[in-house]
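Participant: Start from chain A and add chain B according to the hints.
Number of protein chains: 2
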Amino acid sequence: MSNGLKSVTDQVSPASARDTRQFRKSAPSVDVAAWLAGLPAAQAQRQLGKLPLPRRAVVFAHLDLPLQVEFAARMPARDLADLVTQMDSDDRTDLFKHMDRRSQATLLENLPQSVRDDIRRLSSHEEGTAGSLMTTDFATIDARMSPQQAIEALRAQAVKREAISRPYIVDDEGVLLGSVELHQLIVAPDSAHVGDIMRRDPVSVTVDTDQEDVAKAIERYDLASIPVIHDDGRLVGIVTHDDAADAMQAATTEDFQRISTVRPFSESLRSATIGMLYSRRVFWLVLLVFGNLFSGAGISYFEDTILAYVALVFFLPLLIDSSGNAGSQSATLMVRALATGDVAMKDWGSLILRELAVAGALGLTMMLVVVPLGIWRGGYEIGLVVGLTMLTVVIIGSTVGMSLPFLLSRLRLDPATASGPLVTTISDAMGVLIYFSIATAVLDL
Amino acid sequence: MSNGLKSVTDQVSPASARDTRQFRKSAPSVDVAAWLAGLPAAQAQRQLGKLPLPRRAVVFAHLDLPLQVEFAARMPARDLADLVTQMDSDDRTDLFKHMDRRSQATLLENLPQSVRDDIRRLSSHEEGTAGSLMTTDFATIDARMSPQQAIEALRAQAVKREAISRPYIVDDEGVLLGSVELHQLIVAPDSAHVGDIMRRDPVSVTVDTDQEDVAKAIERYDLASIPVIHDDGRLVGIVTHDDAADAMQAATTEDFQRISTVRPFSESLRSATIGMLYSRRVFWLVLLVFGNLFSGAGISYFEDTILAYVALVFFLPLLIDSSGNAGSQSATLMVRALATGDVAMKDWGSLILRELAVAGALGLTMMLVVVPLGIWRGGYEIGLVVGLTMLTVVIIGSTVGMSLPFLLSRLRLDPATASGPLVTTISDAMGVLIYFSIATAVLDL
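Quick note, the sequences are listed as chains A and B, same order. Take the first sequence: its position 61, counting from 1, is numbered 61 in UniProt numbering, and each next residue is one higher. Take the second sequence: its position 166, counting from 1, is numbered 166 in UniProt numbering, and each next residue is one higher.
No lab work stands behind these hints: they were computed from the structure. Incorrect hints may have been included.
[To be verified] Derived DMTMM-like pairs: lysine to aspartate or glutamate, alpha-carbon spacing no greater than 25 Å straight-line: (1) A:Lys216 to B:Asp64; (2) A:Lys346 to B:Glu267; (3) A:Lys216 to B:Glu254; (4) B:Lys97 to A:Asp222; (5) A:Lys25 to B:Asp201; (6) A:Lys216 to B:Asp222; (7) B:Lys216 to A:Glu254; (8) A:Lys216 to A:Asp90; (9) A:Lys216 to B:Asp246; (10) B:Lys216 to A:Asp171; (11) A:Lys97 to A:Asp142; (12) B:Lys25 to A:Asp64; (13) B:Lys216 to B:Glu303; (14) B:Lys346 to A:Asp64; (15) B:Lys216 to A:Glu126; (16) B:Lys216 to B:Glu126; (17) A:Lys216 to B:Glu212; (18) A:Lys216 to B:Glu162; (19) B:Lys25 to A:Asp90; (20) B:Lys25 to A:Asp171; (21) A:Lys25 to A:Asp64; (22) B:Lys25 to A:Glu181; (23) A:Lys25 to B:Asp222; (24) A:Lys346 to B:Asp64; (25) A:Lys216 to B:Asp90; (26) B:Lys216 to B:Glu127; (27) B:Lys216 to A:Asp201; (28) B:Lys50 to A:Asp222; (29) A:Lys25 to B:Glu181; (30) B:Lys216 to A:Glu267; (31) B:Lys25 to A:Asp142; (32) A:Lys25 to B:Asp196; (33) A:Lys216 to B:Asp201; (34) A:Lys50 to B:Asp222; (35) B:Lys50 to A:Asp196; (36) B:Lys216 to A:Asp90; (37) A:Lys216 to B:Asp213; (38) A:Lys97 to B:Asp342; (39) B:Lys216 to A:Asp94.
Extracted from the complex, chain A is given alone in its bound form (with noise of 0.2 Å):
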């Protein structure tokens, strides 16, 4: 009946050789892509010969870059100039940025001009904005057309079909002057214009729109597409929701990567190689150490007190580990906050005394867990020096893991990067200060 989740998880691919050609014919084209992969270079690349040319461009844009690349270079130069013409303009344009710059020479040759100067054109901007993500296969009518004449003119239009759901109105200039969607022209009566039914001013954004961004503004409306314009407001392209949606999983991932202290990469985890999973994870690792040396001092300040009170070294894994918790619960919650849009850089004010209301009362729960252990290990002196310092470290943990993210963005860095290592390193050295500094006080030493 339904090919259902089956296709989500597992690998799919034709169950016999006899399957084959039913599965190359009808599968889900990301499905064939998959299988594909999956296959010895010279057999996939047989198999996609097999397909239709439409078919053949849908299913090696599905293909991880590096392996459109590697069947690129494999192809007679004739082919590869028809697969590419076919192939949709912000899939073509990430395959041409990532060939070495003789296969591109080649390529471009090969190609007719109008595919080549929107090539030339796409590969130009910046990665990460709104230019690198769209496409220029777009629909457009005029707002003096009846429906019936702007669904004749999306019909004639030689672009690709998804496109013609959602055509943009522009004037005689290029300039955008609102959008509307199929349905609405299908259900339109025949007396209004594409002008009176059309959404005026639809939200949109610039090529040099950050992505995130305009995976948030898809978001917030709900829109299948965003028009990406010029400054002199000509429609240039457009940002579907699929790559919008696309781009944005990448830029959490890297969010992830950052609060655990690596440094981001765009590859798959699964194909990453050992050197390159070296050098993103090493850097961080190496500098905390440095943050260390913070803590080790204060350690080395107060030898006479440890000597003394050998019992106070059994808390200090636990003090330490305790304040570095609170502060990345703290810091990991507004990162994510942050990312989503869900609180703001002015919401700053507001939150930092919940989180101080917070903090305390979490504060005052550890002390009160610690005490007892305390008392058990070294009496009640130690008892009061740990639960003392229990409940100031975790105070100070959350509020330093609160705020660095702030202030990361303040200064324009990634709110995600660094906020953990920092607020490990911070917190440790702080905890050492303050657990001595009590012991010291409370003991009379």
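Facilitator: Here is chain B on its own, set in the frame of chain A:
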């Protein structure tokens, strides 16, 4: 020209009282909702009442649910019933589920039979499933129709406008046969039949499919909506891409919360109360105190070693943190890769070997960094002890961090839950034991 990105990051509201009418009339509905949410309740209610009913229903659905419930409670029963009747079926079901029993009963009394049945049916599905996300606003056509007949049939259907963009084809029993897009009907030749151009056996989900799997399917196949079927194959609803994206974003936020040891909550962080935040954060903080007793126990076992070489304490926070940091890098990368589907359970075997290589390289680097520090603080023997410990704990921390998400997943727990805290606790305790064991051996105590 364009309200562009202003609308994404800033609050959008009418510039003056004179603009209010224009803003109400033509601003995007989500912006009108955001503006209403910022007004005093009575004023917001008055402004809402000035909108024509269809727009009022759309704007109302964009308000946060607690605010919807509050407004609903102040509306005359008949007005509320009209509004609810006009709302999308998934949105009104969400509202219904958040009302108290008494208001629910009053509302149901005032609704037309068909709407009442629809709400009853939809609200019976479990939270987090396709059934709880789906809407019953979908359009169906017959496979035997010509494109022109199909378009006429769609114009005649009293469904929400957007639904006719992607009609579904069902047989006389309502069993799902295929899907088609409006633009395909527009460009199809008049002689064709819907059955010829539809996509057969479209990807579908059942009412109890997990919502994250629904979102993954929509993303993988770049769908505008996905059909939801009963076990007997009957089409009972659709989940649209924007609702699925909202569900996915909420799930990702939960993953962020879990990896930072905060128990998941779905409320906005901005409006969360002190009590709620306290209760979500205190659980793991306290539990981790008891985890840390293992480290403490290790320390007290080695008290004589510490008293003989108090300089060893200098490196304790550094070694413990490094192990925890390396482990949390691995754990977070894995949690995210499992969530996006980049990595699957069966990949553990091949990934663990790569992890050992990466961790070995990281451990050696960290060893080279700390050996000079050890020699400087306490001589060659301390340098040797600290270096060997660093190498060991980084490798162990990484391996544990990489493996825990898989283990939790195997035990049918969320991989993000407890990965962070367990990594910290395990690597702390192992770190203490390894450190002082190596020290005892090398220093010949």
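Participant: For each hint, tell me whether it holds in the structure or not.
Facilitator: For each hint, the structure was consulted:
1. A:Lys216 to B:Asp64: Distance of about 18 Å is within 25 Å: holds.
2. A:Lys346 to B:Glu267: Distance of about 20 Å is within 25 Å: holds.
3. A:Lys216 to B:Glu254: holds, 19 Å
4. B:Lys97 to A:Asp222: holds, 23 Å
5. A:Lys25 to B:Asp201: holds, 13 Å
6. A:Lys216 to B:Asp222: holds, 18 Å
7. B:Lys216 to A:Glu254: Holds. Lys216 (chain B) to Glu254 (chain A) sits at ~19 Å (cutoff 25 Å).
8. A:Lys216 to A:Asp90: holds, 20 Å
9. A:Lys216 to B:Asp246: Roughly 12 Å separates the two Cα atoms, so the pair holds.
10. B:Lys216 to A:Asp171: violated, 39 Å
11. A:Lys97 to A:Asp142: Answer violated: Lys97 (chain A) to Asp142 (chain A) is near 34 Å, above 25 Å.
12. B:Lys25 to A:Asp64: violated, 46 Å
13. B:Lys216 to B:Glu303: Judged against 25 Å, a Cα distance of about 53 Å means the pair is violated.
14. B:Lys346 to A:Asp64: holds, 21 Å
15. B:Lys216 to A:Glu126: At roughly 29 Å apart (the allowed maximum being 25 Å), Glu126 (chain A) and Lys216 (chain B) break the hint.
16. B:Lys216 to B:Glu126: holds, 19 Å
17. A:Lys216 to B:Glu212: Roughly 20 Å between the alpha carbons, so the hint for Lys216 (chain A) and Glu212 (chain B) holds.
18. A:Lys216 to B:Glu162: holds, 21 Å
19. B:Lys25 to A:Asp90: violated, 36 Å
20. B:Lys25 to A:Asp171: holds, 24 Å
21. A:Lys25 to A:Asp64: It holds: about 21 Å lies between the C-alpha atoms, which stays within 25 Å.
22. B:Lys25 to A:Glu181: Distance ~19 Å between Lys25 (chain B) and Glu181 (chain A) Cα, so the pair holds.
23. A:Lys25 to B:Asp222: holds, 19 Å
24. A:Lys346 to B:Asp64: holds, 21 Å
25. A:Lys216 to B:Asp90: Cα-Cα ~22 Å, so holds.
26. B:Lys216 to B:Glu127: holds, 17 Å
27. B:Lys216 to A:Asp201: Outside the cut-off at roughly 33 Å; violated.
28. B:Lys50 to A:Asp222: holds, 24 Å
29. A:Lys25 to B:Glu181: Distance ~19 Å between Lys25 (chain A) and Glu181 (chain B) Cα, so the pair holds.
30. B:Lys216 to A:Glu267: holds, 19 Å
31. B:Lys25 to A:Asp142: holds, 24 Å
32. A:Lys25 to B:Asp196: The given pair, whose Cα atoms are some 15 Å apart, holds under the 25 Å limit.
33. A:Lys216 to B:Asp201: violated, 33 Å
34. A:Lys50 to B:Asp222: Roughly 24 Å between the alpha carbons, so the hint for Lys50 (chain A) and Asp222 (chain B) holds.
35. B:Lys50 to A:Asp196: With a Cα-Cα distance of about 22 Å, the restraint between Lys50 (chain B) and Asp196 (chain A) holds, given a limit of 25 Å.
36. B:Lys216 to A:Asp90: holds, 22 Å
37. A:Lys216 to B:Asp213: holds, 22 Å
38. A:Lys97 to B:Asp342: Judged against 25 Å, a Cα distance of about 24 Å means the pair holds.
39. B:Lys216 to A:Asp94: Cα-Cα ~23 Å, so holds.
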